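Engineer: Protein sequences appear in the order of chains A and B.
In terms of this note's numbering, the first sequence opens at residue 36 and continues consecutively.
In terms of this note's numbering, the second sequence opens at residue 1427 and continues consecutively.
Please keep in mind that the hints were generated in silico from the structure rather than gathered at the bench.
Just so it is clear, the structure is predicted and the values come from calculations on it, not from any experiment.
For each residue, glycine too, the CB sits at the ideal point set by N, CA and C.
Any given hint could turn out to be false.
Claimed, not checked - Computed beta-carbon distance windows for the label pairs:
(1) B:A1483 with A:L310: 51 to 59 angstroms
(2) A:I252 with B:R1500: 55 to 63 angstroms
(3) B:A1573 with A:D68: 23 to 31 angstroms
(4) B:G1560 with A:A96: 55 to 63 angstroms
(5) A:F189 with B:V1547: 17 to 25 angstroms
(6) A:V97 with B:V1547: 53 to 61 angstroms
(7) A:L108 with B:A1573: 45 to 53 angstroms
(8) B:Q1491 with A:R311: 49 to 57 angstroms
(9) A:A96 with B:G1601: 37 to 45 angstroms
(10) A:F309 with B:E1645: 29 to 37 angstroms
(11) A:A187 with B:P1653: 53 to 61 angstroms
Listed below are the residues making up each chain.
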Amino acid sequence: MAEITTLALNGLAWGLIVALIALGLSVIFGLLDVINVAHGDFFMVGTVLAWVAVDATGSFAVALVLVPILGLLLGALTERIAIRPVLSTIVLTVVSTHGLGILMQEGVRATFGATPRRLVAPVGGTITLPGDVQYDVYRLVAAGAAALALLAFFAFQQRTRFGTWMRAVRHDRETATTLGIPVARVQLLTFSIGAGLALLGGVIAAPITTVDFRAGIEILPTCFMAVVVGGLGNLPGTAAAAVLLAVTEGVVSAFLDPSAARIVSLCLMCAVLFLRPHGLFAGARA
Amino acid sequence: MSAVLELDGVSRVFGGLRAVDGVTLTVGSGITALIGPNGAGKTTLFNLMSGLLPVSAGRIRFRGQDITGLSAHRRARLGMARTLQIKQVFAGLTVLDNAWIAARQRHRPLDPFRRASRDRVTRAAAEEALDAMGLLPLAAREAGSLAYGDVALLEIAMALATRPALLLLDEPVCGMSPAETERTVARIRAVSATTDVLIVEHDMDVVFGLADRVIVLAEGRVLADGPPAAIARNPQVREAYLGEEDAA
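Using the sequences plus the hints, can you model the full thing?
Structural biologist: Here you go:
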């Protein structure tokens, strides 16, 4: 029972981090219609920059503040250079972001190296949970930080004028323009926020995963699954689906090996697509 | 008559086609109608005015300010609101949310710590715009579930919620039933008491019943400009445009 609880909690913590990253993917898709194939690599860059920042300053807090800001800048730069010039032909954005992903992977391999590294958690030790479960404190901190970031994003989207703009542009770009909303600026900042969320996820995840130039390739399918199961462009649905998939995979891995647990997740996604083609949370207000 | 919008030698070329050819006109108070046969360049001219298309030549001034190089959203913020030929609203949101989004462009600065529901100024502006179009009873309905005529009125309400100085309406009664047309015309007439309106419309009964002034466009140029009665008597207009109606 203790093992199942631990794996379920692992799934919850990982699911909240994936939710953060998948949210970035979903917000970019929902607003720009861009399938950002490089999104996992933004996460990977986040883990690498976190490692570099901690290595240089010895402070995880510096990484937690600095890396998402760098993510916002990297996202803005990417939108201007790799997205906006091809935005009118959506299929080209897949090619463009795929090339960008390769650039980021090879750039990290050339500078950071190909050897996977580990980042020591800023908060060590374990805590005893009900049921005599010993659990890593940092994983709980990571889950809490990811949950806070998710809440902050939704509050930002619901309560700020920029959030209103994002919702309006997502529904209809031309109408938004006629109402005085600066659509191009909203698109730039949305891509920037999406990238920032991925890098923030990378910083939070770095101490509980390996820091490796291939990490983006591994996480991208999970993020896509969350976006599809949650409903394309449905942001709360994406976050909920990420948590649901990760917890399911965590619990199932108590009985089966991790590969079989992944197969169960994929079967779950297939079942959702079969029964609810527009996603598990289709119809829920984004 | 004071001009809120002035066009000076405005042209738009698509490849070898001169869709709008050196148009010089002013739009003043009341309701001005822009008419012309299909392909005359009316919607292109509307898009040039609102900034959805850049001009190939000429200057555009709005409330005395040169806006020729300004983007569409900046023109909207200066007080030029428009509706589109194909009616478009935020279908997944409620009627009130649609108007609220429009009203918020004017009323609410960036304020991340204020709850939207407590934003009384914006909400009042949204409700006022909906009321002007008779849509307040439908405020809680999802916009995508509205009847076509109500969608058209909601689009106008959204434009009104931005508190425009000039309202550009692109075929506002297109596709409506006679009852919906009558209701929409009455609402537009009421709006024109406080806001200048420029309307592109094919329904001649609507144009001549509503407009204070009619501008006729043909082959991208201004063919005639004057009061409805004078336009109706103009032989050139009858030949170029009204003749087609008679023949139909």
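Engineer: Please write out, lowest number first, the hints stated earlier that are contradicted by the structure.
Structural biologist: 2, 6, 9, 10
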